[in-house]
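For this one, chain S is given, so just place chain W on it according to the hints.
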Amino acid sequence: MTQDKKIRRLEDKETMEEARKLVIERIKAASDDLKICIGSKNTEYSKQEILETLKEDSELSKEIIDVQLKYLRDMASGTIYQD
Amino acid sequence: MNSALLLTRPNHDIGTNYLYYWSKVAVNSTYGFKILDLKGSKANRTNFASYIKKHKPSIVFFNGHGSENSICGYNDEVIVESGSNEYLLHGSIIYARCCEAAKRLGLDCVEKGALAFIGYNRKYILAFSNSYITGPLSDPVARLFLEPSNLIPRSLLKGNTAGEAHQKSRRAMLKNLRFMVSSSASEDQRDAAPYLWANINSQVVVGDFEAIA
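Chains S and W, in that order, are what the protein sequence lines are. Going by our numbering, the first residue of the first sequence is number 1, and it counts up by one from there. Going by our numbering, the first residue of the second sequence is number 1001, and it counts up by one from there.
There's no promise every hint is true.
25 Å max Cα-Cα, derived DSS-like pairs, lysine-lysine [what the hints assert, rightly or not]:
#1 S:70 - W:1168
#2 W:1103 - S:62
#3 W:1042 - W:1024
#4 W:1034 - W:1024
#5 S:5 - S:28
#6 W:1053 - W:1039
#7 W:1103 - S:70
#8 S:70 - W:1175
Pair by pair, the computed Cβ-Cβ distance ranges are [to be verified]:
#9 W:1028 - S:19: 56 to 62 Å
#10 W:1028 - S:14: 39 to 45 Å
#11 S:62 - W:1178: 24 to 30 Å
#12 W:1134 - S:57: 32 to 38 Å
#13 W:1077 - S:58: 24 to 30 Å
#14 S:14 - W:1040: 24 to 30 Å
#15 W:1183 - S:73: 18 to 24 Å
#16 S:78 - W:1208: 41 to 47 Å
Covered, in the sense of this in silico footprint (three residues per stretch, anywhere, with C-beta under 8 Å from a C-beta of chain S), are these stretches of chain W [claimed, not checked]:
#17 1006-1012
#18 1188-1194
#19 1197-1204
Everything labelled a hint here was simulated from the structure, so no lab data went into it. Values in this document were obtained by computation on a predicted structure and should not be read as measured data. We treat Cβ as the ideally placed atom computed from N, Cα and C, and that holds for glycine.
Chain S extracted, bound-state conformation:
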C-alpha cells in the first residue's frame, strides 16, 4: 500500500468516527418517545437501542449515520427546501 493510500484510509476512518460521534449526540438529544422501524426483521428501535447500535460497526449503524448526515448536509445546502 502506498503512503498516500494509507493516509487516506486513516483520514476516512477518522471522518467516520467523527460522524458517528456527531450522530450519537444528535440521537441523545432526540425525544425519548420516538421509535423507528428500519430493516427487514424485528425492526423497531427505541432511542436507547439506536444508541447501542451506533456503538457497533454494523450495516444498520452505517445506515443511520448515512441518513442523519445526508439530512444535515441537505439542510445546510438548502436542498430540502427545493422541489
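The following block gives chain W in isolation, referenced to the frame of chain S:
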C-alpha cells in the same frame, strides 16, 4: 387485467401493524376497483399466488418487510422473489411499501412484464411515537410518513399514472418535511425529519411512468 387492487397487509410486529391499519384506509372501492384484501396471516405465499392468478389485479399494493430481491408477508414469509415468482405480477402496477425492493426485484418484475413498480431503493423507514402504538391511526408522527405514501394507491385508483402517483406522494412528503422542521412541529415530529427525508430520496418508479391501472 381486471380493475382490482390486491392488498397485502401482515401484522406480526409493531411496524407491520402500523402498515396494516394505514394501508386499509388508503384503499376503497369508490373508484370502481374491487379490493382484494390479504390481511394478517392471510398474507402468505399460497394465497398471494392464488389471488393473483384468479383475479389478475391491475394494482398490487404490498405492505411489510422486504429486501432488494424479495417482499414478505405474514411472519416474514417471502411471497414474491426475484428469479422465482415475480412473473406473477405481469401486467400490474405495483406499489411496495417495504425496504429496498425497487433495487432489484422492481427491475425484475418490469423485465417480466409488470407495467411499473413504485418502491424504495434503500431501507424504508417508519418513525412513530411510542405513546401511540396501540392506536396507529392516531399517531401524529407515523401520519407524516404514511399519509403521503397512501397517496400512491389512492392516486392509482383515481386513474393517475404511476409517475403522477409517485410525484403526488413525493410532494406530500416534502410538505410534511417542511412542517417537521418548522416551529409548529412537536419534538417527536422534528426528530423524525431525517427519516422522512431518507424515504423521499429513496422512493422511485421503475418501468412505465405513464402506466394507468
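Status of the hints after comparison with the structure:
1. S:70 - W:1168: 23 Å, holds
2. W:1103 - S:62: 18 Å, holds
3. W:1042 - W:1024: Distance of about 14 Å is within 25 Å: holds.
4. W:1034 - W:1024: It holds: about 13 Å lies between the C-alpha atoms, which stays within 25 Å.
5. S:5 - S:28: Distance ~34 Å between residue 5 of chain S and residue 28 of chain S Cα, so the pair is violated.
6. W:1053 - W:1039: Distance of about 18 Å is within 25 Å: holds.
7. W:1103 - S:70: 20 Å, holds
8. S:70 - W:1175: Cα-Cα ~19 Å, so holds.
9. W:1028 - S:19: 56 to 62 Å: Violated - the Cβ-Cβ distance for residue 1028 of chain W and residue 19 of chain S, about 45 Å, lies outside 56 to 62 Å.
10. W:1028 - S:14: 39 to 45 Å: 54 Å, violated
11. S:62 - W:1178: 24 to 30 Å: At roughly 28 Å between Cβ atoms, residue 1178 of chain W and residue 62 of chain S fall inside 24 to 30 Å, so the hint holds.
12. W:1134 - S:57: 32 to 38 Å: 35 Å, holds
13. W:1077 - S:58: 24 to 30 Å: Since the Cβ atoms of residue 1077 of chain W and residue 58 of chain S sit about 25 Å apart, the hinted range of 24 to 30 Å holds.
14. S:14 - W:1040: 24 to 30 Å: 49 Å, violated
15. W:1183 - S:73: 18 to 24 Å: 22 Å, holds
16. S:78 - W:1208: 41 to 47 Å: This hint is violated: roughly 33 Å between Cβ atoms.
17. 1006-1012: violated (count 0)
18. 1188-1194: holds (count 5)
19. 1197-1204: Our answer is that it holds, as 3 residues pass the Cβ test (under 8 Å) against chain S, meeting three.
Consistency with the previously given hints fails for numbers 5, 9, 10, 14, 16, 17, ordered from lowest to highest.
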